[in-house]
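Enquirer: Work the whole structure out from these sequences, hints included.
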Amino acid sequence: MKIQKNVMCLIIVVCLLALIPSLQALSDDNPVNVIYQTSFSSDPRWTTNNPSTNYWDPNKEMYHFTVEPSTGGYAYKDIDYERGSFTFDYDLFLTEVDEGATFRFGLSGSEMDPSKSPNVLSVFDNGKYGQIMWLHLVTTGSKLMEVNSQHAAVEMGPTAYNGPTAKYELNKTYHVTVKYEDDRKILSMSVSEKITGKNIWSYYINTAENLNGMNRIYVGSKGDYGMMNIYALGYIDNVRLTIPAAVTTTPTEIAQETTVTTLKPTTKQTIIVPTPYPTSTAASPSAGILAMGAIGIVGVVYSILGRMKKE
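One rule links them: number in my numbering = place in the sequence shown (from 1) + 2.
Every clue listed holds true.
Derived pair list, reagent style DSS-like, types lysine-lysine, alpha-carbon separation capped at 27 Å: (1) K145 <-> K224; (2) K145 <-> K181; (3) K169 <-> K181; (4) K196 <-> K181; (5) K224 <-> K130; (6) K79 <-> K118; (7) K196 <-> K79; (8) K224 <-> K118; (9) K130 <-> K118; (10) K181 <-> K200; (11) K224 <-> K181; (12) K169 <-> K200; (13) K145 <-> K187; (14) K181 <-> K118; (15) K62 <-> K79; (16) K79 <-> K174; (17) K62 <-> K169; (18) K145 <-> K79.
To be clear, the hints were calculated from the coordinates, so they are not data collected in a lab.
Expert: And the structure:
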């Protein structure tokens with residue numbers, strides 16, 4: 003009887019452990035495919051029209067940029083992206099942003115001109131409102147849409163951000179996330195302090211149309227000509243562009259592409275959105291919880307079998 007009981011428990015354990023990978027696939031509801039990423043630990047070989055000001059710094063293992071409006075300087079990397087939802091992340095360290103200067107970094111087509119479509123740009127500006135942040139979009143249909151971190155900025159009209167004015171500081175590392183949700187036609191931007199994770203500013207734009215045609219990551223601008231001898235200087239690090247992973251299902255199993263799939267970081271950042279924003283579904287239980295549940299079931303079964311033996 004003892005041998006029979008042990009064999010039954012062993013069978014149960016094996017069956018439950020075999021189910022955990024499938025259950026884990028269900029719990030990982032946000033898998034992503036990495037389109038491009040670099041930590042700048044090696045030369046990313048970005049293309050630039052001014053290698054003396056835009057270059058990889060091997061000592062800092064970051065990418066140095068200089069944006070001067072009068073030069074129309076830029077640096078870019080071709081990417082394998084055409085359409086659909088995406089998340090664009092990077093770290094930013096600004097050392098100088100003169101009055102009238104602007105740092106721009108984001109996605110574009112071959113034009114790389116902020117005034118031409120398509121363009122999705124995160125912007126750190128030092129203009130009318132001082133050192134504030136912008137989310138800049140030129141849709142596929144050539145419609146300009148913007149929002150900034152100035153409270154109730156008049157030029158933004160009814161879509162203006164209505165939270166407290168948020169400003170960035172020099173010589174501080176920020177983590178920037180630009181996210182586009184194709185099904186909801188929503189483009190959002192979030193800026194947080196890299197070290198503390200404290201959210202500085204978050205807001206979004208209803209794009210009204212689906213975005214496509216952006217196949218380059220770029221910093222600077224081809225068409226940004228203006229005053230001479232004003233600069234936006236600093237470093238970019240940990241650049242990453244991802245899209246939702248393709249997940250296929252069958253009646254008996256859930257398969258997930260794993261060749262180039264990673265998971266989003268588990269660290270949560272507080273997102274401040276003063277107006278209603280579409281919410282996502284709650285996360286499923288993790289594999290650890292599922293495994294503990296399996297062990298608990300085995301314990302219950304073992305206890306029942308023990309009582310049966312005594313009776």
